[in-house]
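Chains as they are written, first to last, in our numbering: chain A, 1 to 327; chain B, 1 to 327; chain C, 1 to 327; chain D, 1 to 327.
No lab work stands behind these hints, which were simulated from the structure alone.
Which copy? The list can't say, so a pair holds if one copy fits it or any two copies do.
In silico lysine to any residue, SDA-like type, Cα no more than 25 Å apart, as pairs:
no., residue 1, residue 2
1, 243, 127
2, 243, 184
3, 243, 151
4, 243, 158
5, 91, 169
6, 91, 286
7, 91, 71
8, 270, 242
9, 320, 186
10, 243, 272
11, 243, 202
12, 270, 282
13, 270, 124
14, 243, 266
15, 270, 152
16, 91, 78
17, 270, 21
18, 243, 260
19, 320, 184
20, 320, 215
21, 243, 262
Number of protein chains: 4
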Amino acid sequence: MRIGILGCGRIGRVHAGSVLALPDTRLVAVADAIHESARALADETGSDARTAEEIVSADDIDAVVIATPTTTHYDLIHALASAGKAIFCEKPIDMSAARIRECIDAVNRANIPFMTGFNRRFDPNFARLQRLISEGEIGNVEIVTILSRDPSPPPHDYVRTSGGLFRDMMIHDFDMARFLLGEEPDMIHAVGSALVDPEVARLGDVDTAAVTLTTPSGRICQISNSRRATYGYDQRIEVHGAKGLLRAGNVHQNTVELATRAGYQSAPAKEFFLERYEAAYRNELESFISSVRTVTQPVPSIHDGLKAQLIADAATESWKTGRSVQI
Amino acid sequence: MRIGILGCGRIGRVHAGSVLALPDTRLVAVADAIHESARALADETGSDARTAEEIVSADDIDAVVIATPTTTHYDLIHALASAGKAIFCEKPIDMSAARIRECIDAVNRANIPFMTGFNRRFDPNFARLQRLISEGEIGNVEIVTILSRDPSPPPHDYVRTSGGLFRDMMIHDFDMARFLLGEEPDMIHAVGSALVDPEVARLGDVDTAAVTLTTPSGRICQISNSRRATYGYDQRIEVHGAKGLLRAGNVHQNTVELATRAGYQSAPAKEFFLERYEAAYRNELESFISSVRTVTQPVPSIHDGLKAQLIADAATESWKTGRSVQI
Amino acid sequence: MRIGILGCGRIGRVHAGSVLALPDTRLVAVADAIHESARALADETGSDARTAEEIVSADDIDAVVIATPTTTHYDLIHALASAGKAIFCEKPIDMSAARIRECIDAVNRANIPFMTGFNRRFDPNFARLQRLISEGEIGNVEIVTILSRDPSPPPHDYVRTSGGLFRDMMIHDFDMARFLLGEEPDMIHAVGSALVDPEVARLGDVDTAAVTLTTPSGRICQISNSRRATYGYDQRIEVHGAKGLLRAGNVHQNTVELATRAGYQSAPAKEFFLERYEAAYRNELESFISSVRTVTQPVPSIHDGLKAQLIADAATESWKTGRSVQI
Amino acid sequence: MRIGILGCGRIGRVHAGSVLALPDTRLVAVADAIHESARALADETGSDARTAEEIVSADDIDAVVIATPTTTHYDLIHALASAGKAIFCEKPIDMSAARIRECIDAVNRANIPFMTGFNRRFDPNFARLQRLISEGEIGNVEIVTILSRDPSPPPHDYVRTSGGLFRDMMIHDFDMARFLLGEEPDMIHAVGSALVDPEVARLGDVDTAAVTLTTPSGRICQISNSRRATYGYDQRIEVHGAKGLLRAGNVHQNTVELATRAGYQSAPAKEFFLERYEAAYRNELESFISSVRTVTQPVPSIHDGLKAQLIADAATESWKTGRSVQI
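Work out the full structure, taking the sequences as your base and the hints as a guide.
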């Protein structure tokens, strides 16, 4: 399998590392709007630095990883689909559901494999949790609880253009809810406030939020997000079912415990998302390449990308109107 | 301090035990609609078996514990208030907020001490959690998460008359939310379904439910309830604040861990609420008696009883209408 | 069952509480060298204050709890045996194995029930651990590890007369080793030092010690003791077997966890032995009385008391000589 | 830094991976008695397949990793020392302390950097534990407890030539004891038995063993080993000090917990030593190369290799004679 990577920022570099580690897979070329970034990554990985256009039209590349800014995804997906390349695209596919639908059309017409980069499905803990559910360990799912807090808030510039917390942060949890509920949620209720940084309210966003999703059969999912957690990257999920409870706890920095007069003290959760989800990123790309190789449709698909976006849109509307919204 | 107990069922007996264990406190008399129950408890505790009326009018009793069925509370509170007795009343005070307001008037007119039996505030874990919040350990409270699942559903007869899950079960969590949020919640959104037992839907109730509360300053509380938990009585609370996270986990049956090929296995949570909250019941009555003795108003007060009931009413309305409701 | 208690100190009072809580059991009388102590406990418990002699010869007492200083045990056991009373005796029975053997003769001649107060066997956690072993959950026992640390060292006066750490503190662990190994240990090796308090060395004792026991079939038990633990009363046991591992962890003060930049902090272990072993003391006396009632020999027996003492003697010799000692 | 690797088995391949991941470090050549193994690793890593002799005398290699069978170490160390190469040597350096001393002479004469591959010092958990000790978090060290159990016993062939459990397995724990005690142990007492596999006894070895080490000032270390653990690779260390307790727990396969009627079940410990100590192997080689680069003596040094071997010899003697042995 011959791979090209578009975008040589933090995420692009992670995917490059994953490609290098996979057997029978070759990183052929990388591209970036800043050519020096592409040059540097190409040198480190023994690949070519090319332009995005060259990668789109290359004969020696089978599959392309899109790790560029969201605004560029739409055009790249159309071009790559026309060129018949398999596509791995970082989330979100686009900020507009209508435009994602156009991407779906392009992908369908070209009949190419497409994976949306919801990496958390590939976290070994969350993947195992889902597998145990699907194996019936806890019976029917009844309540899903997702607690997600980032170590620290993003810069104001990011907040201005991200589409808001529900679209840039909680979207991961919406995908996880769909992954675990075993049924599509059809109603959503959202609340939010700016408790970490009042400036966020002036920018029209929230930094603390909670959502309730329900499904037609009455399953419930509660999600809460905060842009700040002093104790590391807090990523916990639990699923209450008819026969038991499954939960995946945080990944901590180490196993050392100190016991003193003050009590028992153990390490904070891992802080940096690339470290926390290191295995998830690796497994995700492996799954994509394996799907392309075996000509099966990758999961999460482009439809999964659309559905999470639709939930994020509905969450934003619910937060703004104070009303429950049909998804 | 000379105590009378009205109601010699499960809870009345627990309170009798607490009275016996307290120094300088004497259990004078007990009463029950079934006189044999009163007789039996009186014999075990070395107290008198009397009628409720005799206890209300007794000269040798300073304070009375009401542990009778909810429908009798209203009349007993009025009679005891007229008689000038200090009152400890099991929750809920009454199913109707209007009638609770009338009880408040009676208590105010009589100027007597009154405690509402929200025992969980006196659980050593939850009490400590609240104390650490009030000492500023996690800064401003931002998100409260309450997970509460009963070991097994109540009989259908109970469901028919209990006022519904939000009033008979989640009311404890509403009181806990008020206890921990540091601000009165003013909006509520509730969802619910009958997933444990479809018959519950036909009885007009739910057995699985989730609520979001918000406060004027934007603090958020998420609560979820289930009438069934295979792994014991599941009672967990966590509070996310500006400077950190506090959580109180379950109380397990023992500390033994078995590690085998299948992994590490530890004990279920304690199952029975009287065992799980043993210390809470003891501490609660001790706090009541100490307040009466020092002539300070007991907490949780009769107003706390009313406020939790009002939230439960609003939750019920929100669940039925699908709309957020102002409290 | 009619009970008398000899010794109204800390432990005597605990046993009085246990007797009061047991059904069909009556605390008839208590005695203490300091008559006011007996008087006070008698008043609190509604029993008589008598002399030890009166209790020994009383017609209205079936079983007696010996909770007096160790030096008095020998005479009391002989007197009570002659009087045909069932005996519960706090450990150690006596500081001299030869004198314990004489007590055994007296008990055998009188054919009375006798329990040695090794309360830890009745701790719900350790009892469960042993039950799981005997049910075969981990197959044959191979390695037992016992970690035992007291919250703080005893006064020098106690050290002078206690017989030394191996006899006054580790003796509990020797009994636990016998309880769990499933085979009598026949060799011991001990080391010790005075690291907590150098004065202890001048008093001829140690405050930090470690022992290895082996059994004829090659099972191994490692024990370590310290007279000081800043983080509470540290009492942990684990048993490694052919099919798995069992361990019983500490009992903590509460379940509250605080997560901040510094990590996750939870409560110290319970500090006070009467609180840590509250259930053990209660269960122990219940077991004694149940044995007396059903005319079965109580366990741990007087022989268990002797055997632990013999191991403690051997440990002391091994520590002093630096050689392994046959038990 | 230009690296050569001798031995392309499991461990040699791990070190090759570590070299590839290090910046400014190049894997120049690999060698193996089975040339195809060298060929295969060379191809995967873009390095040369050479003979050991060629690597010893190569001009384009600065440092060499010895990952060949123990019996070859002596000659290779002498040859590499003569050639002035920096040496990283897997433990044990040699089965004979006398021959290790000759290696020390050769290394001293050549004045080359030499690291002994006690990888566990570089495990992030154990390294952090040691750092916290050295920063005074628990005051003076008093009792070190090391519990080490392999997932499954080695083949009989290995047992025949390994030098015995104390030399091939517990040697890691002896190095860890020296790493943590803060003082050289001077006395040892060892016991052992063949409980996992009786055949091991016929081969003159044990599969279950326990050791007590003491230091001149009275610090104590207890170690126990088993060749079998059903629940994963069990590697736990705890250190009791004057001011508190430090412990490093196992590394588990995932964070998922399943709660059902049977209790709470979580994942076994990681099974495979290369996975369990993945970070340790990486950090170890990074430390070696950093020492060579900065011309500081690597730690653990060749003397650390000798000292652990001397303790293993003393343990073996103590086990055979039943006597405590001076180290």
